[in-house]
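Visitor: The whole structure should be built from the sequences, with the hints applied where relevant.
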Amino acid sequence: MDTLRRAFPDGPSFFPSPHGDLNMATQTLDQLTTRANSLQGQYSYAFANKPRATRQLDLLDKIIADAREVLTGARSHGQRGQTLVNTLNERLTMYQSERSEIQKAQSRGPAAMEAAILATRANFVFFQYRTHFAGQNRATRDKGLLQDMVATLTQIRDAYEGLAITYPQSISNEDREVISNNLRMYTNEMGEITRAQEMGTPDEQASALANVANSQFELYRVHFAGKSRLSRRPALINRCVATLEDAKRRMLQLKSGGLTAEYNDKNIAIVTERLDAYMAEQVAIAEQRATTTFDALVDALATAANSVMEEYASEFAGKNRASRELKKLANLFDQLFEIERQMTDLTQQFDSSTNLKNLLIVQDALMVYSVEFEAIEKAQKAAKS
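With the first letter of the sequence shown counted as 1, position 303 gets the number 481 in the working numbering; the numbers rise by one all the way through.
One or more hints might be untrue.
[As the list claims (entries may be wrong)] Calculated cross-link-like contacts (lysine-lysine; reagent style DSSO-like; alpha-carbon spacing at most 30 Å):
hint	residue 1	residue 2
1	K228	K282
2	K405	K505
3	K505	K228
4	K506	K535
[Claimed, not checked] Cβ pair distances, simulated, as ranges:
hint	residue 1	residue 2	range
5	D239	I448	56 to 62 Å
6	S434	E503	37 to 43 Å
7	T470	A312	35 to 41 Å
8	Q234	K559	34 to 40 Å
9	N416	T469	16 to 22 Å
10	S485	A226	22 to 28 Å
11	Q234	A455	42 to 48 Å
12	Q314	Q431	21 to 27 Å
Source of the hints: derived by calculation from the structure; they are not laboratory data.
The beta carbon of each residue, even a glycine, is placed where N, CA and C say it ideally should be.
Guide: As structure tokens, this is what we get:
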């Protein structure tokens, strides 16, 4: 797992070697095999199924150089090391082929890299739609989240269209169409969710509003409870408060319209209580952001991202997929995407190599989580069949 660099120079290095500078020729075959597998893991994490225009050639060069050293060590074991020698030769061919493809992708210039990043970020939004909206009861959905997704995808679409005008040879028309089609679908879905939550009897509407409120309580638990305020996105707590205020307003409308259900009165009281707490948190987050430095913010975001990635490593990496909890993985994705959005905003405002490197690591992790989600789904379906 990658560890993000902090804003200060004493942060941990990228992809540290688990074996330091040991002489490969003196290592046991088991040690060499472990090292080869570690290199393959690094390759899979950083390069497999990743947009080539965004990849770091210096990291791949390091993997290739280390693999060659391990190959030398494996050869020193004679026939006993032949299986590992064959494996490493195959992998080195793959690594070198990938290097050529990356060079080819990056030769198309910085516009190709920017387009790849935009397409990757669009895929993050698509994944959120899949986990939060596709096939779900519209009356229970968080419309504020969908509005946020539409805003993010609109920014991506606009940036992509700008690239298409200036650098048409670097842009995929297919990607442009996919982004536009999804944006259109999400916009239409917002209207459908609104209608679903406003239709039905007063009891049914009150029940839908209870679901809306509960979704905000869950959002607060996942994204704010026990978390560093400095690393929280102010717009997210603002959205949470606005959604609860709207839910409370509509609950009160139902009450004034004649709904005398005790549960609706209790829900109004609970929402009022939570709103007071969340609004206080809203102020505290805004105050902390207003008084922080750029380096402190970069450091806070890196620390928050490392925390999410450590939880992923503990709960998912190397575990039996059929036993994993998809909701927990979706929550980790959402938490990391919140951090990614803030890091992306910082790259557009400030020139910081540290933040940019951290952003690329976070984006890689998000790609891994979305792929792992699908793998867990397949494993669980297979286990049930």
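Visitor: Compare the structure with the hints numbered earlier in the document and write down the numbers of the violated ones, lowest to highest.
Guide: No hint contradicted; all consistent.
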